[in-house]
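Trainee: So you can see what is in the structure, the chains are spelled out below.
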Amino acid sequence: AQKITQTQPGMFVQEKEAVTLDCTYDTSDPSYGLFWYKQPSSGEMIFLIYQGSYDQQNATEGRYSLNFQKARKSANLVISASQLGDSAMYFCAMREDNFGNEKLTFGTGTRLTIIP
Amino acid sequence: KAGVTQTPRYLIKTRGQQVTLSCSPISGHRSVSWYQQTPGQGLQFLFEYFSETQRNKGNFPGRFSGRQFSNSRSEMNVSTLELGDSALYLCASSQGQTGNTIYFGEGSWLTVV
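Those protein sequence lines, which keep their order, are chains A and B.
All residue numbers for the first sequence refer to my numbering, where the first residue is 1 and numbers rise by one.
All residue numbers for the second sequence refer to my numbering, where the first residue is 1 and numbers rise by one.
Read the hints as simulated data drawn from the structure, not as lab findings.
The structure presented is a predicted model; accordingly, all values stated were derived computationally and were not measured.
Errors might be hidden in some of the hints.
Stated by the list, open to error - Dumping the calculated EDC-like pairs for lysine to aspartate or glutamate here, alpha-carbon to alpha-carbon at most 20 angstroms:
1. B:Lys57 - A:Asp86
2. B:Lys57 - B:Glu75
3. B:Lys57 - A:Glu96
4. A:Lys73 - A:Glu96
5. A:Lys16 - A:Glu44
6. B:Lys57 - B:Asp85
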């Protein structure tokens with residue numbers, strides 16, 4: 001069964017510093033996708049970045065990058081130059097890319113707090 | 001381009017009542033999925049619809065049901081509400097093909113009293 005593990009329940013980071021949020025996954029499927037979402041207190045789940053299992057390069061989206069280490073089954077999110085608005089819950093999720101499967105399995109999340 | 005729209009955003013219901021939540025996906029997206037988020041259980045997959053057909057179902061009782069219309073809009077229904085159904089219900093939208101990005105709406109906060 002697929003599983004996502006986020007071992008950092010909470011993190012405090014100084015503004016403008018870089019942040020790394022950890023995520024490890026487990027799946028027996030060779031084709032899968034990894035997602036990171038940001039969830040502010042309002043509840044909206046905001047898409048940040050996506051990495052496919054066959055992608056050769058690490059995904060990047062503005063200040064977000066995904067450090068994908070396939071052999072170690074890790075997909076850490078890196079936020080460069082953190083901002084106060086980055087304070088939120090962050091979820092790592094995985095989808096096994098079988099035809100017709102849109103189901104995401106989520107980790108328990110990391111609450112990130114940016115300190116001025 | 002409009003995002004995923006969920007209504008209502010907040011609602012309070014009494015035990016035993018039923019509730020219907022609505023989700024309009026991003027234009028052109030044919031897949032709609034529903035998730036329940038609670039502090040104790042985290043984010044759990046309810047079901048997914050693609051072109052009006054349920055393709056995938058999570059491990060929830062039959063009180064939870066859904067449907068999708070020809071315009072891809074989806075509704076989920078919870079009958080005979082229990083206190084434990086209090087949660088944030090999130091709708092997700094995608095094109096429904098392998099490798100697509102999945103986008104979420106703002107969620108519907110349900111409180112059962």
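Trainee: Keeping to a limit of 20 angstroms between CA atoms, is the pair of lysine 16 (chain A) and glutamate 44 (chain A) held or broken?
Mentor: With Cα atoms ~24 angstroms apart, lysine 16 (chain A) and glutamate 44 (chain A) exceed 20 angstroms; violated.
Trainee: Holds or violated: are the alpha carbons of lysine 57 (chain B) and aspartate 85 (chain B) at most 20 angstroms from each other?
Mentor: holds (17 angstroms)
Trainee: Measure nothing beyond the straight line between the CA atoms of lysine 57 (chain B) and glutamate 75 (chain B); if it is 20 angstroms or shorter, mark the hint as holding.
Mentor: Holds: lysine 57 (chain B) and glutamate 75 (chain B) sit about 15 angstroms apart, inside 20 angstroms.
Trainee: Below or equal to 20 angstroms on CA atoms is what counts here, so check lysine 57 (chain B) against glutamate 96 (chain A).
Mentor: With Cα atoms ~15 angstroms apart, lysine 57 (chain B) and glutamate 96 (chain A) stay inside 20 angstroms; holds.
Trainee: Has the given pair, lysine 73 (chain A) with glutamate 96 (chain A), been kept, meaning a C-alpha gap of at most 20 angstroms?
Mentor: holds (14 angstroms)
Trainee: For the pair supplied as a hint, lysine 57 (chain B) and aspartate 86 (chain A), is the alpha-carbon distance within the 20 angstroms limit?
Mentor: Cα-Cα ~33 angstroms, so violated.
Figure legend: structure checked against the earlier numbered hints; hints not met, in rising order: 1 and 5.
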